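Number of protein chains: 2
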Amino acid sequence: MAVYTDVSFEELTGLLAGYDVGVPQSFKGIAEGVENSNFYLQTANGDYILTLYEKRVREVDLPFFLGLLEHLAARGIACPVPLRDRNGAQWTTLNRRPAALLTFLHGLSLRRPDVVHCAEAGDALAALHAAGEDFPVPRANALGIASWRELANAVSGEADNVQPDTRSLIGEALEFLEPNWPKALPTGVIHADLFPDNVLFMKGKVSGLIDFYFACNDLPAYDLAVMLNAWCFESDGFNVTKARALTQAYRRRRSLSDAEIEALPALATGAALRFLLTRLYDLIHHDPMALVRPRDPREFVKRLRFHRSVKDASAYGIA
Amino acid sequence: MAVYTDVSFEELTGLLAGYDVGVPQSFKGIAEGVENSNFYLQTANGDYILTLYEKRVREVDLPFFLGLLEHLAARGIACPVPLRDRNGAQWTTLNRRPAALLTFLHGLSLRRPDVVHCAEAGDALAALHAAGEDFPVPRANALGIASWRELANAVSGEADNVQPDTRSLIGEALEFLEPNWPKALPTGVIHADLFPDNVLFMKGKVSGLIDFYFACNDLPAYDLAVMLNAWCFESDGFNVTKARALTQAYRRRRSLSDAEIEALPALATGAALRFLLTRLYDLIHHDPMALVRPRDPREFVKRLRFHRSVKDASAYGIA
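Quick note, the sequences are listed as chains A and B, same order. Number 129 in the numbering used here belongs to position 118 of the first sequence; there are no gaps in the numbering. Number 134 in the numbering used here belongs to position 123 of the second sequence; there are no gaps in the numbering.
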């Protein structure tokens, strides 16, 4: 939520000389995404986002991220589209960082999405999964189940200081998940972080999906499980009406197999654990000079406990 | 350069219900200004900035700041204009903070303004001084000469750790300035912080002046002295050609009296001292959890030494 690397007018002008976007009219650093520097750019031709990739996004992953956005947009998904420069490149270098110019999406994210928004977002996730099916570039999930044990070890000393009994909760969830993680489910391109922050709405309809920098190849049903965590909990608990609306809308566009449905409690447990672990890690290893405030991990303690209490997918409104 | 206070879609919608600006289409936190939370807002009607005033800007000063912007805009100055809500108010409350909706100005600030830009900016400063002449609300300069001794005391213990001999330089400058500060110069509304950051350009012309939250009643010639510090130094020293261009353009629109010209070396010394002191203070008292990186005070050590070496206003290109 900050600008790490400054870009001067002169640097911007030099960059834009490589693109066919016209003369800049406004240029502002914006508080968007995690750990990249983002700028809002208006030119005579339209609105754009300039992203400078800071250390968390590796240049070796840009053919996946930027290629995926172009691929999805060509299939009708409302996502930022990287512009190609006059040489056809999807990114360049600015201030010693990889930099891409992307289309700006209109719309606003919601802090408190209602049931109708959950359905719209579930439909958008299914459309994303369908559009990603023939994307050929692979990228492993760096924050998938294979990473959780190491993350758990890195936070184990401090976890109970954040909330009592968190360490044992994490250990128990890992002991359950490692032998029970589904092995034979369909795989595909997933967003892996489709929180309400990353879905823009206009007049009640999804107008854009953003922040694809956790996207990877993994289980589409796990992506749905991330959304059950991100969209359906309220301060006083899990809202099964939202979950039903979300999953029904998803299934109208992409069917879920019996195996995917059966796996949902484990997948949702895993998704809650993933966000609990990374939030704990970010909190414990927080650089006080960093410009990003760490997010509270504790809500995912509650969510993890909920999923561990679930008997089957009916708890998520799936008949 | 950050967003301190979040504003949700729902809070935004509630706020906009009080204004006649149409439906929101985009809303992004932007990295603008110092220690306020700023958001870029697009609606069907146009582009706006929503500012939430954090602790540095006191609500008691808003009639001055917002009234001044409306006053200046009515006299042709390209500055942000606060919208009045349906009740005629220039600000409201959002998330327990005073909040104002202002017009968004197009244009880009320059990191390395050239001679022509210095002339344009000097002309804009004179126009600002002329337009402010009949603004009736008073505001004292909280960072004027009366404040410098206290600031100097607050940084004296650490100043030499930032750069050797800075403490004695500050002491010497204060000893010179306190008895020699001009007493009988014209006063008026000044911007007091017109750095290149705060001047937007389009096609080589000034398209906007922004960030008026240091504006106050003080000496217009001191405002010009701030600009000599902010626009005319380069990494290898003072560029008198830029100073000549800036002051000549200023004087074409607003004449300088002999007394103002004679006072320029003292005023420029004072301006350098003011920014040295506040940057030292911000660096020494920097909250590591703050989202603003402190700016380097050391360039103002050099500038202060330069002004102390100056014999008269001819050093600034004034014949």
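A portion of the hints provided could be inaccurate.
No copy is singled out in the list; a pair is fine if it fits within one copy or between any two copies.
Derived DSBU-like pairs (lysine-lysine); straight-line CA-CA distance at most 30 angstroms [to be verified]:
# : residue 1 : residue 2
1 : 322       : 194
2 : 216       : 39
3 : 216       : 66
4 : 194       : 214
5 : 322       : 216
6 : 39        : 66
None of these hints come from the bench; they were simulated from the model. All values reported here derive from a predicted model rather than from experimental measurement.
Check your understanding: So which of the earlier hints does this model not fit?
Key -> The structure conflicts with hints 3, 4 and 5, although it agrees with all the remaining ones.
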